[in-house]
Structure formats: structure tokens, C-alpha cells
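Here is what each chain is made of, one letter per residue.
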Amino acid sequence: MKNRLKVLRAERDWSQAELAGRLEVSRQAINAIETGKHDPSLGLAFRIGRLFDMPVEEIFHDEE
Amino acid sequence: MPFDPQAPTEEERSYAYTLLWFGLAAAIILAIGNVTDLFGVVSGAAAAFVGAQICIFVLSNRWDDYFRAVLNRGAQVAVIIPALWIGAQGFAFILGGAYRVGFALGSAGGSASDRRFVLPDWTNDAYLLASLAVLAFYVASLWHHYRGGSDA
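If you read the protein sequences in the order shown, they are chains V and G.
Residue 11 in the working numbering sits at position 7 of the first sequence, with consecutive numbering throughout.
Residue 92 in the working numbering sits at position 77 of the second sequence, with consecutive numbering throughout.
It is possible that some hints are incorrect.
[Unchecked claim] Here are the in silico distance ranges between beta carbons for each label pair:
| id | chain 1 | residue 1 | chain 2 | residue 2 | range |
| --- | --- | --- | --- | --- | --- |
| 1 | V | 19 | G | 109 | 24 to 30 Å |
| 2 | V | 18 | G | 139 | 52 to 58 Å |
| 3 | G | 108 | V | 22 | 41 to 47 Å |
| 4 | G | 77 | V | 18 | 19 to 25 Å |
Hints were generated in silico from the structure; no laboratory data involved.
Backbone N, C-alpha and C define an ideal beta-carbon position, used for all residues, glycine too.
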């Protein structure tokens with residue numbers, strides 16, 4: 005699954021650690037999501053959506 | 016998201032990945048100590064450490080979902096070790112049983128137990144099996160974290 009997390013984070017000038025702190029996850033989790041190594045749970049995906057004030061489907065989309 | 020004053024900080028969550036390396040070191044000491052009698056009491060301390068750490072890793076609900084995915088991969092691989100182990104025991108048991116039946120039907124001389132296939136004694140060592148499963152848990156967890164692909 006692809007996502008725009010890195011772009012959205014860069015637009016706000018946040019570090020991975022800063023974003024991780026806001027989402028209450030580890031920096032490694034943010035890195036794994038940004039690099040496509042890990043697909044977040046539904047709960048985390050909604051938290052990300054709320055943090056960026058965007059619908060989940062505008063942040064995450066499948067690769068088809 | 017409700018405020019939780021006990022919630023771990025980002026640094027504390029990141030430190031969990033470092034703890035995996037400590038666990039791997041302890042699991043290696045445990046596995047080597049099992050087959051070589053090296054390390055002595057250190058091996059016992061390593062066993063206590065990995066036992067407690069894995070219980071905390073698996074039972075605590077304070078990890079984020081990526082760390083849980085890392086632990087899940089470790090657990091999946093760790094379970095394969097006893098599965099292969101018990102499978103080999105079962106295979107040996109079936110072979111032994113089949114041999115006894117064949118031996119009885121053939122009514123050959125001598126004792127069937129003299130020649131039937133038996134696994135070596137170390138295959139009944141539960142402590143060795145547990146230490147290998149624990150080692151597999153840490154290797155697979157760290158492999159998934161550093162080299163793993165998408166969970167999709």
C-alpha cells in the first residue's frame with residue numbers, strides 16, 4: 005500500500021520522531037509506514053487521517 | 016484519543032527495538048550454553064532475561080502496531096521450531112512402528128528394537144528446544160524489522 009505520509013510530514017516540517025510522538029507510536033513505525041514496509045492498523049490510519057485533517061483514502065491508496 | 020498519563024514516550028517506544036538486540040544476545044548465550052556448558056550462571060541469567068522479556072513483549076498492550084507486527088513475525092517463526100521438532104518425532108515414531116510391523120510379518124530373527132530407527136537423545140531435550148525457539152523469535156523479529164518487506 006502506498007501513502008503520502010512522507011510528503012505530508014515534510015509539508016509541516018516535522019521529523020519522523022515528532023510525528024511519531026503526535027501519533028503515540030515509535031519513530032521506527034513511522035519509518036516503516038513511509039517506506040511501505042508496514043501497513044498501519046485501521047485505528048492508526050484513522051489517527052493519521054485526523055492528525056492531518058484528511059480522509060484516510062487521501063493518504064493511503066492501494067497500488068492497483 | 017484519550018489522554019493516558021502512563022503512556023510511553025516516543026523514546027521509550029523506540030528503546031523497545033534496542034531491547035530486542037539485548038534479547039538476541041541473551042538468546043545466543045542461552046543456545047551456546049545449552050550445547051557447550053559454557054557461561055555457567057550467565058546462561059541461567061540469560062534464560063531468566065529472555066523468559067521475562069518475551070512474556071512482557073507478548074502480554075503488554077503498550078506497543079505500537081508496527082512493533083506488534085515485528086513481534087508477530089518472530090512468534091510465527093518461533094512456533095515453526097517446535098512444529099518441525101514434533102513433526103520429526105512423529106515421523107520417527109511412525110517409522111519405528113512400521114518397522115516393528117514389518118519385522119513381525121517377516122518373522123526375521125533377532126530383535127526389532129536393535130535395528131529400528133531412533134532419534135538421538137538430544138531430541139528429547141525440552142530446554143534445548145525452548146532455547147532454539149527463543150533464538151528463532153529474536154532472529155525473525157530483528158530480520159523483519161531491518162530486512163522485512165511489506166506486511167500487505
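Evaluated hints:
1. V:19 / G:109: 24 to 30 Å: This hint is violated: roughly 58 Å between Cβ atoms.
2. V:18 / G:139: 52 to 58 Å: holds (55 Å)
3. G:108 / V:22: 41 to 47 Å: violated (58 Å)
4. G:77 / V:18: 19 to 25 Å: Holds, at about 23 Å.
When the structure is compared with the earlier hints, violations turn up for hints 1, 3 and for no others.
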